[in-house]
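Chains as they are written, first to last, in UniProt numbering: chain F, 1 to 72; chain X, 1 to 484.
A few of these clues could be false.
[As the list claims (entries may be wrong)] Some chain X residues judged to face chain F by a derived CB distance under 8 Å, without partners named:
| # | residue |
| --- | --- |
| 1 | N49 |
| 2 | Q53 |
| 3 | E243 |
| 4 | Y281 |
| 5 | R284 |
| 6 | N384 |
| 7 | D385 |
[Claimed, not checked] Under the rule of at most 25 Å between Cα atoms (straight-line distance), these lysine to any residue pairs were calculated in the SDA-like manner:
| # | chain 1 | residue 1 | chain 2 | residue 2 |
| --- | --- | --- | --- | --- |
| 8 | X | K169 | X | T115 |
| 9 | X | K43 | F | S60 |
| 10 | X | K330 | X | N384 |
| 11 | F | K8 | X | N384 |
| 12 | X | K289 | F | D46 |
| 13 | X | K350 | F | A11 |
| 14 | X | K326 | X | K426 |
| 15 | X | K269 | F | N9 |
| 16 | X | K30 | X | K426 |
| 17 | F | K8 | X | E296 |
| 18 | X | K289 | F | L14 |
| 19 | F | K21 | X | T115 |
| 20 | X | K267 | F | S60 |
| 21 | F | K21 | X | K269 |
| 22 | X | K146 | X | V106 |
In case anyone wonders, no lab produced these hints; they're calculated from the structure.
Since this is a predicted model, take the numbers as computed values, not measurements.
Where a beta carbon is used, it is the ideal one built from N, C-alpha and C, also for glycine.
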Amino acid sequence: MPNVMIRKNDAGDLLFYVAKKDMEETIASVETDTSETWGGEVVLTDGSRWYIDPISPPPSFPTTLRFKRGDE
Amino acid sequence: MATLTRDEAQALIQEVLEAYPEKAKKDRAKHLAVNDPSVEQSKKCIISNRKSQPGVMTIRGCAYAGSKGVVWGPIKDMVHISHGPVGCGAYSRAGRRNYYVGHTGVNVFGTMNFTSDFQEKDIVFGGDKKLEKLIDEINALFPLVKGISVQSECPIGLIGDDIEAVSKKKGKELDKPIVPVRCEGFRGVSQSLGHHIANDAVRDWVIGNRDGDTSFEAGPYDVAVIGDYNIGGDAWASRILLEEMGLRVVAQWSGDGTLSEMELTPKVKLNLIHCYRSMNYISRFMEEKYGIPWMEYNFFGPTKIAESLRKIAAFFDETIQANAEKVIEKYKAEYDAIIAKYRPRLEGKKVMLYVGGLRPRHVVGAYEDLGMEVVGTGYEFAHNDDYDRTMKEMGEATLLYDDVTGYEFEEFVKKVKPDLIGSGIKEKYIFQKMGVPFRQMHSWDYSGPYHGYDGFAIFARDMDMTVNNPCWNSMQAPWLKSAA
Numbered sequence: 001m002p003n004v005m006i007r008k009n010d011a012g013d014l015l016f017y018v019a020k021k022d023m024e025e026t027i028a029s030v031e032t033d034t035s036e037t038w039g040g041e042v043v044l045t046d047g048s049r050w051y052i053d054p055i056s057p058p059p060s061f062p063t064t065l066r067f068k069r070g071d072e
Numbered sequence: 001m002a003t004l005t006r007d008e009a010q011a012l013i014q015e016v017l018e019a020y021p022e023k024a025k026k027d028r029a030k031h032l033a034v035n036d037p038s039v040e041q042s043k044k045c046i047i048s049n050r051k052s053q054p055g056v057m058t059i060r061g062c063a064y065a066g067s068k069g070v071v072w073g074p075i076k077d078m079v080h081i082s083h084g085p086v087g088c089g090a091y092s093r094a095g096r097r098n099y100y101v102g103h104t105g106v107n108v109f110g111t112m113n114f115t116s117d118f119q120e121k122d123i124v125f126g127g128d129k130k131l132e133k134l135i136d137e138i139n140a141l142f143p144l145v146k147g148i149s150v151q152s153e154c155p156i157g158l159i160g161d162d163i164e165a166v167s168k169k170k171g172k173e174l175d176k177p178i179v180p181v182r183c184e185g186f187r188g189v190s191q192s193l194g195h196h197i198a199n200d201a202v203r204d205w206v207i208g209n210r211d212g213d214t215s216f217e218a219g220p221y222d223v224a225v226i227g228d229y230n231i232g233g234d235a236w237a238s239r240i241l242l243e244e245m246g247l248r249v250v251a252q253w254s255g256d257g258t259l260s261e262m263e264l265t266p267k268v269k270l271n272l273i274h275c276y277r278s279m280n281y282i283s284r285f286m287e288e289k290y291g292i293p294w295m296e297y298n299f300f301g302p303t304k305i306a307e308s309l310r311k312i313a314a315f316f317d318e319t320i321q322a323n324a325e326k327v328i329e330k331y332k333a334e335y336d337a338i339i340a341k342y343r344p345r346l347e348g349k350k351v352m353l354y355v356g357g358l359r360p361r362h363v364v365g366a367y368e369d370l371g372m373e374v375v376g377t378g379y380e381f382a383h384n385d386d387y388d389r390t391m392k393e394m395g396e397a398t399l400l401y402d403d404v405t406g407y408e409f410e411e412f413v414k415k416v417k418p419d420l421i422g423s424g425i426k427e428k429y430i431f432q433k434m435g436v437p438f439r440q441m442h443s444w445d446y447s448g449p450y451h452g453y454d455g456f457a458i459f460a461r462d463m464d465m466t467v468n469n470p471c472w473n474s475m476q477a478p479w480l481k482s483a484a
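Build out the structure end to end from the sequences listed, making use of the hints.
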């Protein structure tokens, strides 16, 4: 359950940054991304899957959230 | 010798790896790569930030070096205690040439060495009492000190001293920030973790200090220069360009910087990062907590400077954007003259770099402005995000070497035959004795600044002076020369 910092890059894509792992990836898709809720399964461009319980109202980025590994 | 092709470079890496036993070979193979600028993610071809192999000659430092030497050390109006035995502080004192203004020993303390000088009894009975006494002494002898940081050396972590408790207690007593930094040398694989620990200490003990204080009048053009350590005056050469653009530089992190500048940084509009590796952590934190955007810039060589100035200006309004163009225009004659003078002397020369932090990718542009080509580059302590950025800067089929060993570096140089090597002091004399021109690129070989337009003039002169030095024609003893 790593702490993940989510921020927007210049192009407006969301970046998924894990400081401990030194990993910065672009988020390819988010399961729920509406004006009320944000979260669910998150797929990164490298193919890995992560999960977070949907948050409502959606958080404002940048922010730090706790994710679960998708295969757990 | 012409530049290597991809196959030749691969073959060279294989040849160099042959010398290792099976297990070491397998590990080192992951750290050496041939660059392919089209690859987006470096982790597919190079592994970094891993423990060095026992038995090889690595050039890395320790967490204490990353925290005390790099991040905290240059903050001039604080005293940085090297807490532990005397050697770490003594041997790292003032080696990095972080210039500053002020009266050393009165209101600034940059080149002084403060240490708790641990003896056997401190190891056996603990050093907390000694630390308290030391803090009191510092405050009495140097009443203008603005704050104190306690930089732990290895034994502090091993014996389990509670420097946080001492710092809190003394901080309250003296009403000055006293910052405990848990940067024991054994933490992490290189100095890189020391940077991270130091950033976290800044986050926990400094950044929020003035959150409720509204006495600072923030302006619309406030910026902070982050990750410029003022080596040989670099931060000054950068600062004047930003100020000419009409921006107000509120803080310099941390070359020629002060504690109050750091405390005021959360009030700026934009954080400008030069050394991404050592200070991205704090910038990310400020983005999250205070909503301050950050951007990386590069002030090496006119092409990159112009690019960066425009990119910085794009964050602000038209006045600043117009000013950026004016600044570029103003210095154009100056840098064109430098290129006209030195480019013919340096055109086509090949350079190999092996440094730390930001230089292995940032100086590539400056060499290209002089018509030189960087044929190999590598970092002591980079992480994968650094290589992501480097691979775009470097040409096709150039060598990338992470945490290169003494042996590998020498072999690469023997085969690639560069005209210039830029690396650290430990490599300098080996390569000079091999007859290869060398610049010490950690602290600009006692020259500098190299940032900004002013710095570029010095950079070009230094490279010319090294590469075209007549001594390289005298490498053979006169009696060994053929009669011709």
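Quick rundown of the hints versus the structure:
no., hint, in the structure
1, N49, "6 Å, holds"
2, Q53, "20 Å, violated"
3, E243, "25 Å, violated"
4, Y281, "7 Å, holds"
5, R284, "6 Å, holds"
6, N384, "6 Å, holds"
7, D385, "5 Å, holds"
8, X:K169 <-> X:T115, "20 Å, holds"
9, X:K43 <-> F:S60, "30 Å, violated"
10, X:K330 <-> X:N384, "38 Å, violated"
11, F:K8 <-> X:N384, "19 Å, holds"
12, X:K289 <-> F:D46, "28 Å, violated"
13, X:K350 <-> F:A11, "35 Å, violated"
14, X:K326 <-> X:K426, "42 Å, violated"
15, X:K269 <-> F:N9, "17 Å, holds"
16, X:K30 <-> X:K426, "24 Å, holds"
17, F:K8 <-> X:E296, "15 Å, holds"
18, X:K289 <-> F:L14, "17 Å, holds"
19, F:K21 <-> X:T115, "34 Å, violated"
20, X:K267 <-> F:S60, "20 Å, holds"
21, F:K21 <-> X:K269, "29 Å, violated"
22, X:K146 <-> X:V106, "11 Å, holds"
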